[in-house]
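Chains as they are written, first to last, in our numbering: chain A, 51 to 384; chain B, 51 to 384.
If you are wondering where the hints come from, they were derived from the structure by calculation, not from laboratory data.
Each hint should be verified, as a subset may be incorrect.
As the list makes no split between identical chains, a pair holds if one copy fits it or if it spans any two.
SDA-like cross-link-like pairs, simulated, lysine to any residue; straight-line CA separation at most 20 Å [what the hints assert, rightly or not]:
1. LYS301 - ARG278
2. LYS308 - GLY256
3. LYS301 - GLU198
4. LYS308 - ALA324
5. LYS308 - SER352
6. LYS137 - GLY115
7. LYS67 - ILE353
8. LYS130 - GLY229
9. LYS259 - GLU326
10. LYS301 - GLU354
11. LYS213 - GLU53
12. LYS137 - ASP169
13. LYS168 - GLY196
14. LYS171 - ARG278
15. LYS303 - SER112
16. LYS301 - ILE265
17. LYS301 - ALA92
18. LYS301 - VAL351
Number of protein chains: 2
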Amino acid sequence: MKEYVVAVVGATGVVGKEMIDTLESREFPIKRLIPLASERSAGSTISFNEKSIRVEELTESSFEGVDFALFSAGGSISEKYAPFAVKSGCIVIDNTSHFRMDPTVPLVVPEVNPGALKDHKGIIANPNCSTAQMVVALKPIYDAVGIERVVVSTYQSVSGAGKSALEELENQSRVNLSGGNYPPSVFTHPIAFNVIPQIDSFLESGYTKEEMKMIQETQKILNDPAIRVTATAVRVPVFVGHSESINIQTKQKITAQKVRELLENAPGVEVMDAPENFEYPTPRSAAGQDAVFVGRIREDVSIENGIELWCVCDNLRKGAALNAVQIAEYLIQS
Amino acid sequence: MKEYVVAVVGATGVVGKEMIDTLESREFPIKRLIPLASERSAGSTISFNEKSIRVEELTESSFEGVDFALFSAGGSISEKYAPFAVKSGCIVIDNTSHFRMDPTVPLVVPEVNPGALKDHKGIIANPNCSTAQMVVALKPIYDAVGIERVVVSTYQSVSGAGKSALEELENQSRVNLSGGNYPPSVFTHPIAFNVIPQIDSFLESGYTKEEMKMIQETQKILNDPAIRVTATAVRVPVFVGHSESINIQTKQKITAQKVRELLENAPGVEVMDAPENFEYPTPRSAAGQDAVFVGRIREDVSIENGIELWCVCDNLRKGAALNAVQIAEYLIQS
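Construct the complete structure from the given sequences, taking the supplied hints into account.
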């Protein structure tokens, strides 16, 4: 079996670490793993397949002889270094938002639009975490009855904002429980025992960039600019796992039971929908899992053709690392 | 000035205490305050206007000579004792769901439908906390351009579930931060660092009772059975303050700026909407305040006539105690 040289850019970050764990747990055929990071983090070590590997500094020549480079070190790093990787003949799978809306770059969720991969020119974009889990849940419904409009509100964990955000939630919670004050620094407001209706920065329209990502990326992944989406993205005091309340107006009528059946047979989805036994997904139960969990499936009482559902996923896995590794797996199989 | 005898049923509960604080802080003209509770809590004392008052046991004859009785001790207590109160000539303002959908009982938010008060027959219902704050925000928009449909997702604090829920969030958070496990007992799943898409019990339709309250009570308060509402009610690890992501499809087009102006001039509403300065409401900033706070006002990109907004309120105040006291104030003024 062929083995590959794989570089992970941003190897010491929350998503980078999850990428390395995912490559290991899914037994991706690796000849050599090259963890890359900024000068500051270079020299530290990461663990892979029970070996300790030294983190190297990311440079323009890091990608010689590399087959796949998984980037998750911020948009400006992808912007600067992905072209060098491509020039070295490496395939870039980029987890940042930098290339996502570039019409020459496929934006791919393997369960949803694997066909888009065949057009890649060296760079493939991984969607925003909130978008990835949503399109996995929407796709079977979209294929069955068409989707007119989606209204989504998110409940996003702090891990999407990186290591320092995880620390801020932990430390702030602890200090607050002792009656103390812990001023926010990663977030614009306290996140402990609070919710913050802002993720990423604001645009002129009043939407945030995060919300517009959910709208535009959904249209691109479903390859349907006519699908209408609106989103409100909210940070909640959860460590790992994003939840979404999704209202779907379908083109044709579909029953909740039919949606349940479709999703039970859909790749990457696990239906947890037995409310009489209090069975529905929560972020704490989804954390550390690969699937996109869906529950609370019901027919919308407010319109003729509507479905409400609740979708939860480990944002570091399917929302980031897992999807990137799945893209690489798809490419080596096809 | 006339003074009144006021009984508070459930005086030792989270909402009952808030009712007593609200009567005091708003200087309701009280001749005598009678705190009532179950046999278990009777004999304890509460503080009112710097005096200590003994909590009495609730009985069928507790309401003799009482002008107003504010009930917040659960639906079954209201069901059993409200009729005795009415028979004694007392006006009941009931915070439970028991009488809300009774067509002979007005369901009132004073800023929204004070006119409904004139038809009362001794019992007036206080709406569900999530409904109360939502209709305060919806009403000015409803009056200006009509509302076709509302899609709401909530982020509800644990205080809505009472004292033991506040303790469970606090203790579970503390134990979890120390690496320990703290099994849930008030909630069906852990609430610390988690979100739970269930409030109240499930109905055959897949909606919860809480969600159906938001739908039916909104129609009753706006006196418009044609207004279409769907809701997803979610518990978040916040002590006090409910947040709502509200998507509004209006009958006629309205701009975000016009909505902002309407809400700035609306009774009971405070607009906090300067995202460029990170100004928007959060539950921690709304807790302890009387107003319904609204921010993130923007035109929905997915439909022609749509508005998105974010609404936050202290669920113990406007969502419960304040609204009940405002009803009593309205009655003594008119």
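Hints, one by one, checked against the model:
1. In this assembly of identical chains, LYS301 and ARG278 lie within 20 Å of each other by CA distance both inside one copy and across copies; the values are 12 Å within and 18 Å between.
2. Taking the closest pair of Cα atoms, LYS308 and GLY256 come within 20 Å of each other only across two copies (14 Å); inside a single copy the shortest separation is 36 Å, beyond that limit.
3. For a Cα distance limit of 20 Å, the shortest separation of LYS301 from GLU198 qualifies both inside one copy, at 6 Å, and across copies, at 19 Å.
4. Taking identical chains as interchangeable, the C-alpha atoms of LYS308 and ALA324 lie at most 20 Å apart only when both belong to the same chain, with a minimum of 15 Å there against 43 Å between chains.
5. When the C-alpha separation of LYS308 and SER352 is checked against a cutoff of 20 Å, the pair qualifies only within one copy, where the shortest distance is 19 Å, while the shortest distance between copies is 26 Å.
6. In this assembly of identical chains, the alpha carbons of LYS137 and GLY115 lie at most 20 Å apart only when taken from the same copy (11 Å versus 88 Å across copies).
7. Taking identical chains as interchangeable, the C-alpha atoms of LYS67 and ILE353 are never at most 20 Å apart, the minima being 44 Å within one chain and 40 Å between chains.
8. With identical chains, the CA atoms of LYS130 and GLY229 are never at most 20 Å apart, being 45 Å at best within one copy and 41 Å at best between copies.
9. Taking identical chains as interchangeable, the C-alpha atoms of LYS259 and GLU326 lie at most 20 Å apart only when they sit on different chains, with a minimum of 13 Å there against 38 Å within one chain.
10. In this homomeric assembly, LYS301 and GLU354 come within 20 Å of each other (Cα to Cα) both inside a single copy, at 10 Å, and across copies, at 18 Å.
11. Taking the closest pair of Cα atoms, LYS213 and GLU53 never come within 20 Å of each other, the shortest separation being 31 Å inside a single copy and 59 Å across copies.
12. Proximity of LYS137 and ASP169 under a CA criterion of 20 Å is satisfied intra-copy only: 17 Å inside one chain copy versus 78 Å between copies.
13. In the homo-oligomer, the alpha carbons of LYS168 and GLY196 never lie at most 20 Å apart, since the shortest distance is 25 Å inside one protomer and 49 Å across protomers.
14. For a Cα distance limit of 20 Å, the shortest separation of LYS171 from ARG278 qualifies neither inside one copy, at 29 Å, nor across copies, at 48 Å.
15. Taking the shortest Cα distances, LYS303 and SER112 never come within 20 Å of each other, neither inside one copy (53 Å) nor across copies (54 Å).
16. Taking identical chains as interchangeable, the C-alpha atoms of LYS301 and ILE265 lie at most 20 Å apart only when both belong to the same chain, with a minimum of 18 Å there against 24 Å between chains.
17. Proximity of LYS301 and ALA92 under a CA criterion of 20 Å is satisfied in neither setting, with 52 Å inside one chain copy and 58 Å between copies.
18. In this assembly of identical chains, LYS301 and VAL351 lie within 20 Å of each other by CA distance both inside one copy and across copies; the values are 16 Å within and 19 Å between.
In this structure, the earlier hints numbered 7, 8, 11, 13, 14, 15, 17 are contradicted, and the remaining ones agree with it.
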